[in-house]
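Take these sequences, add in the hints, and give me the full structure.
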Amino acid sequence: MKSFTYERAETPAQAAAAASKPGAKFLAGGTNLLDLMKLQIETPTHLIDIGRIGLDKIEPTPDGGLRIGALVRNTDLAADLRIRADYGILSRALLAGASGQLRNKATTAGNLLQRTRCPYFYDTNQPCNKRSPGSGCSALAGFSRQLAVIGCSDACIATHPSDMAVAMMALDAVIETVKPDGKTRQIPISGFYRLPGKTPHLETNLDKNELITSVVLPTPVGGIHVYHKVRDRASYAFALVSVGAILFKDGGGRIALGGVAPRPWRVPSAEKLIPKGAKEFASRLMEGARPTKENAFKLTLVQGTIEGALTENRS
Amino acid sequence: MKFEKPAGINPIDQLKIIGKPTDRIEGPLKTTGTAKYAYENNQEVTNVAYGYILGSAIAKGTITRIDQSAAKAAPGVLAIVTAANAGTLNTGKFYVSRFLAGPQIDHYHQAVAVVVAESFEQARAAASLLKVDYKKAKGSFDLDAVKDLAQTPPPAQFGPPPQTLTGDFEGAFKTAQVKLDETYTTPDQAHAMMEPHATIAKWEGDKLTCWCSIQQMNWGVRDLANILGIPKENIRLIASYIGGGFGGKGTVLADLVAASLAARAAGRPVKLALQRPLMFNNTIHRPKTIQRIRIGADHDGKITAIGHESWSGNLPGGRTEPATASTRLLYAGANRMTRLKLAVLDLAEGNAMRAPGEAPGMMTLEIAMDEMAEKLNMDPVAFRIKNDTQEDPEKPGRKFSTRKLIECLQTGAEKFGWEKRNAKPGSIQEGQWLIGMGVASAIRGAPIAKSAARVRLDSSGKITVETDMTDIGTGSYTIIGQTAAEMMGIDLDKVTVKIGDSSFPESPGSGGQWGAASSTSGVYAACFKLRETVASQLGLNVGKAQFSDGKVSDGDRSFALGDAAKNGDLVAQDEITYGELSKEYAQTTFGAHFVEVAVNAYTFEIRVRRMVAVCHAGRILNPKAARSQVIGAMTMGVGAALMEEMVVDKRVGFFVNHDLAGYEVPVHADIPYQEVILLEDIDPTMSPMKAKGIGELGLCGVAAAVANAVYNATGVRVRDYPVTLDKILKNTI
Amino acid sequence: MEDENGFGGITRREMLAGTAVAVTALAITRVTGLEAAPAAPIVTPVESAGVSFSVNGKAVNLQIDTRTTLLDALREHLNLTGTKKGCDHGQCGACTVLVNGRRINSCLSLVLQHENDSITTIEGIGTPENLHPMQSAFIKHDGYQCGYCTPGQICSAVAVLEEIKAGVPSHVSADLNGPMKFSNAEFRERMSGNICRCGAYSNIAQAAAEVAGVEG
Ligand SMILES: Cc1cc2nc3c(=O)[nH]c(=O)nc-3n(C[C@H](O)[C@H](O)[C@H](O)COP(=O)(O)OP(=O)(O)OC[C@H]3O[C@@H](n4cnc5c(N)ncnc54)[C@H](O)[C@@H]3O)c2cc1C
Ligand code: SF4
Ligand code: FES
Ligand code: FES
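First to last, the sequence lines map onto chains U, Y and Z. Start counting the first sequence at 342; every next residue gets the next number (the working numbering). Start counting the second sequence at 4; every next residue gets the next number (the working numbering). Start counting the third sequence at 27; every next residue gets the next number (the working numbering).
Read the hints as simulated data drawn from the structure, not as lab findings.
DSS-like, lysine-lysine: derived pairs with alpha carbons at most 25 Å apart:
| no. | chain 1 | residue 1 | chain 2 | residue 2 |
| --- | --- | --- | --- | --- |
| 1 | Y | 344 | Y | 177 |
| 2 | Z | 166 | Y | 497 |
| 3 | Z | 166 | Y | 627 |
| 4 | Y | 427 | Y | 182 |
| 5 | Y | 134 | U | 379 |
| 6 | Y | 96 | Y | 453 |
| 7 | Y | 402 | Y | 8 |
| 8 | Y | 532 | Y | 554 |
| 9 | Y | 586 | Y | 407 |
| 10 | Z | 84 | Y | 39 |
| 11 | Z | 166 | Y | 23 |
| 12 | U | 379 | Y | 75 |
| 13 | Z | 191 | U | 398 |
| 14 | Y | 627 | Y | 39 |
| 15 | Y | 235 | Y | 210 |
| 16 | Y | 75 | U | 343 |
| 17 | Y | 653 | Y | 138 |
| 18 | U | 634 | Y | 733 |
| 19 | Y | 653 | U | 634 |
| 20 | Y | 139 | Y | 653 |
| 21 | Y | 19 | Y | 554 |
| 22 | Y | 733 | U | 620 |
| 23 | Y | 501 | Z | 166 |
| 24 | Z | 166 | Y | 19 |
| 25 | Y | 586 | Y | 402 |
| 26 | Y | 501 | Y | 5 |
| 27 | Z | 191 | Z | 207 |
| 28 | Y | 39 | Y | 497 |
| 29 | U | 634 | Y | 150 |
| 30 | Y | 532 | Y | 547 |
| 31 | Y | 134 | U | 343 |
| 32 | U | 634 | Y | 730 |
| 33 | Y | 39 | Z | 166 |
| 34 | U | 539 | U | 634 |
| 35 | U | 620 | Y | 730 |
Covered by chain Z, per the in silico footprint, the following chain Y stretches (three or more residues, Cβ under 8 Å):
| no. | segment |
| --- | --- |
| 36 | 40-54 |
| 37 | 196-205 |
| 38 | 475-483 |
| 39 | 657-666 |
Note that the structure is a prediction, hence the values are computed from the model and not measured. From the three backbone atoms N, C-alpha and C, an ideal C-beta is built for every residue, glycine too.
Quick look at the structure:
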């Protein structure tokens, strides 16, 4: 870990302003950033600890939705009675992620911005376009069982590891930010993450050092909420495939996937096929997939997992 | 004391303390964080500096240059050790690894340099400032690719001969009525013990003391002396508590060498722990095997031919994974063959991991037995029972000292409810879940080795035992204490156990499932001697003196035990050695594993629902700790079955998933309540303790029982471990 | 025990390192090394900052290298070595401590993030002479072998029982909105961030069930 200066911000405005310092990064829970700093995958020279700037509440919005502060801890978000009752998919997704200890520390914004778990990204001896642009992708012809099958490129096949974000994708969440100059904006989650293309090191459409202040959930949409995370071990593991589904009485629904793409994967236009069953829906959802030999099984697995979710919750 | 004839009745047979489920005597320390592991012995050193290892970025080649300028100038840096300034380093006698690379690189993450600094943070940062230039060379990383180049290895110190042949295997197999010929693989596995390899090294003149984490103190001293080129007498190793080993901390590894060199270079004590992401490629592991098994039987299910071949790879000079060991003794059959082959691989060294050879061998043999039972249309339990043997099938006439494999299988089947299993795969479903049951036999040798101890009696009647035995979680502290208490007729809380210090009398340490039986026998010998001293001190007849309730009595004469030490502590030291009984008898432990799994019908996720193990493993000294050894092994077996694999990147030559997020081991959620049944077994041919080991037996066969249960649930036979959902998916479409 | 309170471990090393550590503990019993710092080569100071918090009820002030994790602060600066380092990357749970009553991985937290926090380590849960019921239950049910994951398991288990009481749901809770109850499945899921390679899981679950007052 490289040496850095440290400041404890007191307010969002102070944090946002401090972000213009060169080499600055926000430190929320730290569960991803510190991990990466120890390995010198991230090398900030200044940390702005935003742990105490507030933004740790979940509040109703005028139109019946909820505004989740960026610093709300994953445990508190999952346990919130309103989230549990109306946005069960989000509770379920959060609870399927990481461990109790990590969820106590991890924050909403930090979770959205956590970086890939591609093993080559984690080993600084290996070429990796995401970590050091232009060096090549070790995973393409290497160990790729865990990695993306769709939305990826020849430059990078990493997945986004968040479970929470999959639920937020299905919920059409909106991310609210403030920039160092104080300007705020709202970014729908569907436009938040970038696909890798030739620039896999650019992962979101946030400006450098734009501070996430909250995530807004629109009015509850009802339905049955399911989150099925498939993995080798029963807990404390990232998804091979995860399916976040909101299923409506009329047979329709919304379905987003984790573990298959560089961002939570959802194709709203395909969702009209949900009533036709897993096979038809999944093949549209996964149209254009480009798996490796090692991870081609994910295509079958996606279909199977969706089928399981539909069958269980439709009977 | 020399043990040459089967033991008669002796004080251990009183079973007042031995054989009773006993809480670990170090429990209050371990549960309160007050037991000190290697890196934590801050109280022993002042002015300690921190070491940090930089691992090689390539798998094979040479270092052409190391630019140290930036690292040297970094804050807090005290010294940098590389091959250039380390002096001549040899290798140890058990591992072939060189613990400091340069100029040659033998494997990925081999230590290239050790940076010493005032703080951990400074050492870690400075290590990353070293600029190392390498010249890459072509390496061999793919066992499948070099399998045909594999050679017959020389006979090894541990493990079976490289080739065995009994009767006419090829002929009998060819003409067998029912045949199986299948090839299986087991992957590279990591010990992944929770405490990383760690050392604090301190020099006083040319004397070196290391607080470290190794399982065999005697090997450690020998190997460190060899590596550093200093006399054994100048080295003292201390490992009071060890955070798990499983064979992965047998003797000296990079941490001990690096800390010793770093402390010498810095002129200060140095503490150093291997960072977790380095451990997988830097230390040792259980190597991958390819195994071919052929079984021939007649229609009634009698095995007529059994053959087991195994291929593994290693660094030049490294050992062979002896995967054929169990097949030599487990089942009957007149015509038999085993063969080991070894190829050269430039991956980190393959070496002992819990039940070396026997664990991976049983992973495959016991699937093969399941497949064979199916071919024969026999129940897998009945098939195994049918092929039980009461004598060494390679040496008819040589009896097993004790063998209750049949009882293990029958008891387990009953307890587990085996009769509810439907032999037709895929026939039981509960909701989304396909249910399957599997069985496997277990076998593991019961080696025993010479072991010494010293016991001291003080005037208050308290005993202190000293031996260099280690406790890696096995319960050594407690059984050693129990042995002394039983022998001297005192309560366990009157015994102080001091272990894990190379200055104590030599034991074989923890490994090979020999630790408990060997070290307690050494304590028995020392206590036996102490009893004699006590009796003569008190003027009692040694043969008749009774030691019990803190008293020594002979007829109506009775003394408090402590009276014998009124004029000063009494000290006795002895060593137990062995005659030929282990040649005369096949000394082995047996067991059976029963597993029920649920496999998701849509996703093929596999979850273990029930586990039952039955073990027949000599006298059980402490049923509580023995049961824990077995459930721990069962847990490791579930890992081996369902998730554990160090994935080799065959282009670069390294284990890619080199941390605990990438290398998955079972978590709480994977492990249901585990039932363990310990069958009564007293084996007088072993030692005066009549005990054997159990910690490795518990692992043998577990993974196959899981794999067989998955087959029973799904009808998909996976022969390449681990059994993961993608391998089932591939075969169901 | 050379230092029961665990705060005596201010070593010369820290003085030499130029990262002077000041400790003001309410119940401080002994501070060694401070008086004895010899003239030492002063090294380039690294970035440091101050933080105050309490550990096991005692106040601590540290002026410390900004990179220091809570885990290393406890183990290397406060001589509280009961909290273990198994991976240093959030992947094992050996470093679990309670911060304001909630369990976290102390390896993925800078000590500077803990201004004004109240931290409980295994040493604060109970002592050999005065064991917490969870510690006694671990001993009785042999919920450990090597003991290295054990402090983390115990801190976690204590917190898990509280989390269930507080109604925090888990991945295996059938009904997110129903009351939360201790069960073997609930406990195992919630404890999955604490790896035990010795495989004491089955026994740990029984120990916790006893403390929770239910059948394992
Ligand atoms: C072993 C392990 C297993 C895990 N398993 C899972 C899993 O199964 N599923 C899953 O979803 N996650 C998993 N995680 C990841 C975990 O969820 C993330 O580490 C966590 O959510 C990150 O949150 P944080 O607050 O700690 O982020 P930090 O580490 O503090 O920050 C992460 C990034 O976000 C930036 N950032 C933080 N807050 C803001 C803000 N308000 N505005 C702008 N930028 C900000 C930081 O600068 C940093 O770049 C796992 C982690 C570990 C270590
Ligand atoms: S997949 Fe992406 S993150 Fe992984 S090695 Fe390739 S470029 Fe790097
Ligand atoms: S040391 Fe913190 S989780 Fe492993
Ligand atoms: S007791 Fe050894 S890792 Fe848990």
